[in-house]
Amino acid sequence: MAVTQVFGARVRRREDPRLIRGTATYTDDVTLPGLCYAAFVRSPHAHARIRRVDTSRARSAPGVLGVFTIQDLEGKVNPIPCGWQVPNCDLKTPPHPPLARDKVRFVGDAVAVVVAESRAQAYDAAALVDVEYEVLPAVVDMEAALQSTTLVHEDVPHNRVLLWSVKGGDFGAAAREPGVRVVRQRLVNQRLIPNAMETRAVTAQYNPGTGELTLWVTSQNPHIARVILSGVLSFPEHKLRVIAPEVGGGFGSKIPVYPEEAVVAHLATRLARPVKWAETRRENYLATIHGRDHITDAEMAVRPDGTVVGLRVRTLANFGAYLSTAAPAIPTILYGLVLSGPYRIPNIECEVTGVFTNTTPTDAYRGAGRPEATYVLERMMDLAARELGLDPAEIRRRNLIPKDQFPYTVATGITYDSGDYARALDRALEILDYPKVRAEQAAARQQGRYLGVGLSTYVEICGAGPSKVVGSTGFAGGLWESAVVRFSPTGKVTVFTGTSPHGQGEETTFAQIVSHELGVPLDDVEVLHGDTDSILMGWGTYGSRTTPVGGTAVYLAAQKVKEKAKRIAAHQLEVSADDLVFENGRFHVRGAPDRGMTIQEVALQAYLAWNLPEGMEPGLEGQANWDPSNFVFPFGTHACVVEVDPETGQVRILRYVAVDDCGRVINPLIVDGQVHGGIAQGVAQALWEGARYDPAGNLLTGSMAEYAVPKASWLPRLECDRTETPTPVNPLGVKGVGETGTIAATPCVVNAVMDALSPLGIRHLDMPLWPERVWRAIRQAKGGAA
Amino acid sequence: MTGVRVSMTVNGVEYTRDVEPRTLLVYFLREHLGLTGTHVGCDTSTCGACTVLMDGKAVKSCTVLAVQAEGARITTVEGLARDGELHPIQQAFWDEHGLQCGFCTPGMMLAAVDLLQRNPNPTEDEIRHALEGNLCRCTGYQHIVNAVKAASRIMGAAVGAPAGGE
Chain A
1 MAVTQVFGAR VRRREDPRLI RGTATYTDDV TLPGLCYAAF VRSPHAHARI RRVDTSRARS
61 APGVLGVFTI QDLEGKVNPI PCGWQVPNCD LKTPPHPPLA RDKVRFVGDA VAVVVAESRA
121 QAYDAAALVD VEYEVLPAVV DMEAALQSTT LVHEDVPHNR VLLWSVKGGD FGAAAREPGV
181 RVVRQRLVNQ RLIPNAMETR AVTAQYNPGT GELTLWVTSQ NPHIARVILS GVLSFPEHKL
241 RVIAPEVGGG FGSKIPVYPE EAVVAHLATR LARPVKWAET RRENYLATIH GRDHITDAEM
301 AVRPDGTVVG LRVRTLANFG AYLSTAAPAI PTILYGLVLS GPYRIPNIEC EVTGVFTNTT
361 PTDAYRGAGR PEATYVLERM MDLAARELGL DPAEIRRRNL IPKDQFPYTV ATGITYDSGD
421 YARALDRALE ILDYPKVRAE QAAARQQGRY LGVGLSTYVE ICGAGPSKVV GSTGFAGGLW
481 ESAVVRFSPT GKVTVFTGTS PHGQGEETTF AQIVSHELGV PLDDVEVLHG DTDSILMGWG
541 TYGSRTTPVG GTAVYLAAQK VKEKAKRIAA HQLEVSADDL VFENGRFHVR GAPDRGMTIQ
601 EVALQAYLAW NLPEGMEPGL EGQANWDPSN FVFPFGTHAC VVEVDPETGQ VRILRYVAVD
661 DCGRVINPLI VDGQVHGGIA QGVAQALWEG ARYDPAGNLL TGSMAEYAVP KASWLPRLEC
721 DRTETPTPVN PLGVKGVGET GTIAATPCVV NAVMDALSPL GIRHLDMPLW PERVWRAIRQ
781 AKGGAA
Chain B
787 MTGVRVSMTV NGVEYTRDVE PRTLLVYFLR EHLGLTGTHV GCDTSTCGAC TVLMDGKAVK
847 SCTVLAVQAE GARITTVEGL ARDGELHPIQ QAFWDEHGLQ CGFCTPGMML AAVDLLQRNP
907 NPTEDEIRHA LEGNLCRCTG YQHIVNAVKA ASRIMGAAVG APAGGE
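Taken in order, these protein sequences are the chains called A and B. Just so we're aligned: 189 in my numbering is position 189 of the first sequence, and the numbers increase by one with no gaps anywhere. So the mapping is simple: my numbering equals the position in the second sequence, first residue as 1, plus 786.
The hints are simulated quantities; they were obtained by calculation from the structure and are not laboratory data. Heads up, the beta-carbon is just placed ideally off N, CA and C, and yes, glycines get one too. Heads up, a few of these hints could be off.
Using 27 Å as the maximum straight-line C-alpha spacing, the simulated DSSO-like pairs for lysine-lysine come out as follows [unchecked claim]: (1) A/92 x A/167; (2) B/935 x A/711; (3) A/711 x B/843; (4) A/566 x A/167; (5) A/103 x A/76; (6) A/562 x A/492.
Quick list of simulated restraints, FRET-style, between CB atoms [claimed, not checked]: (7) B/911 x A/781: 26 to 34 Å; (8) B/944 x A/442: 44 to 52 Å; (9) A/724 x B/944: 34 to 42 Å; (10) B/831 x A/87: 43 to 51 Å; (11) B/911 x A/391: 50 to 58 Å; (12) A/137 x B/831: 41 to 49 Å; (13) A/466 x B/944: 51 to 59 Å; (14) B/868 x A/776: 50 to 58 Å.
Using the sequences and the hints given, assemble the complete structure.
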């Protein structure tokens, strides 16, 4: 394919040929000579003391190479650290041992590991490990856990992980203002299971001759994994190579470093055999992080004209049994600081209590804190509108930050980069034909049909930076990004990025940037990522940072290449660099288009080094490490129409309109795909998905057969449109788009269902809006037994 | 455990292997034949990532024992392209951005091939229902549906579309 435009080209993805031919290599596809397999023995109890582990039967099972418990790992595999220790919140960081020591804290907590010649032998032998447990009472419910004498960690009183707050303005004073009404609601944001289609896996190989340990890991951030694992294993970082090969989705669940990765890496060194572990889906449900799980009491103070003057929220956030890598940041800075959304709210107070329970640890799940904040805000906007008799579109419009007020600092202290929020709202209403839809709703109500219209106006914060600001929030790393753009002597280009895309398509988007900037054909650009041996440093793919931060680094590296190439061309053409024009991949002398050199010719000269400017080093590559000056803030409005069947409680989405603004768009096809997938996950939270535990801490939704990952037939055709408001934060003007759909969709759908049920006087129902829950509410509202 | 001998034709090549009787077809393909394009995504036959064609019909290869496939003709994702040329369903998934992480894609494409064999010109609803046994977490399915429609057009054109066809 020819040279592409950097913006707006619907280029087919370059990742796809290997994926559609079945020749991509995911971690479980890696095969090595002498490979053996690990299987973990997991606790069937949510909370129990380990009295005794008898591994003798397992050891003598066919094919078994070893059975290991925490005692075997003492001094060899250190506890798994938490990588985001948010300050000033009394954060408790009890150790997370690589295998359970003394007691197990959730169903699925790993107690022992078996290694055998084959996968089946490993599982067979794992079933022969006899663990004697003394079952303890479990704490599952967050409110109960805070009161309970049962402690998940003995040194964490009240099971309280943290107490975090942010305060801007004075909510109490605003609420006391004459005429102001305070709208209150308790909102449950249920626990979700990420369900990347590829479960976690690790393949580890140790070479005693070189001392190199190589890990193939299902990771969204192999360099972070390397840093953490070198510490956990006390292994020299330069001898540790982490490769994230093809990764089958993550949605946050492959950010953390997990115990299994450290244990399998250690076993490869210990046995001097390559070892593979691939999680079963059952294990994925138990031992891979979950997301969300908040209970929030929210109060919104609003004037009679709909002006919101204050928001106060108190939130309980469930951390599960251990602190996962980024967990403390999710319900605090990525939640509380975002509560102003797209609105001018002068007084905001947020207090978050984190709670340990005997459940699977939680961490970032697509959106990570921002969907929780947006859900609270957008539900409260609708409840306030209803209380005041205002149209939901109107109350939003009255409170949106006007486009001429950017950069805009909200009450929680963060500064938004750019936006035209009203335009996105107007566009969504226009596509929906809002007045017509409202008229149809009124007519339907006359016929006893329950149609509802839902809106959600949101702002996302993503592409986190600068590093010193993120560091001040306790993140144990930087959030800049690296890029190398390197010409080969024959004029082909290799791009090395520290981001680690796993479905988001940046092998294509970044190639578009380079193809455009350097004027080389798209097919002459290769984008590499996900290998700590070839990429100097990187922070990975999450938080919608890959294109705004990683893409900017690629762009800047390409500029450096262009600058050097220009100096070489000027030297060889014997003109001043200022006299050169760069057009279509060729430098030529201004006014003399015949006198020129293609950038490929320059590349060859750069490597031959026969005739370079005095003092210039040979070669043609550029490296850039980009640390953004601020986050970027995509925004938009989603709108939908639903119909509720009062006989069954079934919700059907009749229309779904999404207007998103992620700044300038490089590849509209890929952006559409990101938005679609995000909406599917957001809609699914509203209507179908929810992890449930019984009081003993058993995960009742323990497989894909019990947890409702949406199917094609459940989802409507989505109507997507965009506005484009560039960000001044980076030279490309791009914002992230990986999470917008998830953030916007959940409250949009819930608002629509509550709107549909409003004639019955139903004010709020908690998610997921399962038919049974809706049907019971309808029945109760109509005066029947619930 | 005593092995049993299994023979089957996979992507046009005949294979014979000695396997444990409990070996699932998906592990036979992945670990005995090295055809790792077929994926394992769950353990409840829910996700469809392991879908292959067995004697022309879509099956979840995690739910078929290798011994049950004795003598069968199996088509996996690696067998879709012919002489290096992409199958229309592969071409359409590429053109329509019908995949992101790619993990569900092999199974999704084979389920779609099964549909298009039974129903060469499916409606959007028919496509969405036919793919109910295959989960995708990335795409929200819209581009997958577009891809199946596009493949149906390509395949219809290849055999000579009937009057009224697109």
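Going down the list of hints, with the structure as the test:
A C-alpha spacing of about 22 Å is found between residue 92 of chain A and residue 167 of chain A, which places the hinted pair at or below 27 Å, so the restraint holds. For the given pair, residue 935 of chain B sits about 18 Å from residue 711 of chain A by alpha-carbon distance, which is consistent with the 27 Å threshold. The hinted pair formed by residue 711 of chain A and residue 843 of chain B meets the criterion: a straight-line CA distance of about 21 Å does not exceed 27 Å. Distance hint between residue 566 of chain A and residue 167 of chain A is unfulfilled; the C-alpha atoms sit about 53 Å from each other, more than 27 Å.
Between residue 103 of chain A and residue 76 of chain A the CA atoms are separated by roughly 20 Å; this keeps the pair inside 27 Å, and the hint holds. Our distance criterion of 27 Å between C-alpha atoms is met by residue 562 of chain A and residue 492 of chain A, whose separation comes to about 14 Å. Distance hint for residue 911 of chain B and residue 781 of chain A: a CB-CB separation of about 32 Å, consistent with the stated range 26 to 34 Å. For residue 944 of chain B and residue 442 of chain A, the Cβ-Cβ distance of about 50 Å falls inside the hinted range of 44 to 52 Å, so the restraint holds.
Checked against the given bound of 34 to 42 Å, the beta carbons of residue 724 of chain A and residue 944 of chain B, roughly 39 Å apart, stay inside it. The hint said 43 to 51 Å for the Cβ distance between residue 831 of chain B and residue 87 of chain A, and at roughly 47 Å that hint holds. Remark: the range hint 50 to 58 Å for residue 911 of chain B to residue 391 of chain A is contradicted by a beta-carbon distance near 34 Å. A C-beta distance of roughly 36 Å is found between residue 137 of chain A and residue 831 of chain B, which places it outside the suggested range of 41 to 49 Å.
Between residue 466 of chain A and residue 944 of chain B the CB atoms are about 55 Å apart, so this pair conforms to the stated range of 51 to 59 Å. Hint check: residue 868 of chain B to residue 776 of chain A, Cβ distance near 55 Å, so the stated range 50 to 58 Å holds.
Checked against the numbered hints above, the structure violates hints 4, 11, 12; every other hint is satisfied.
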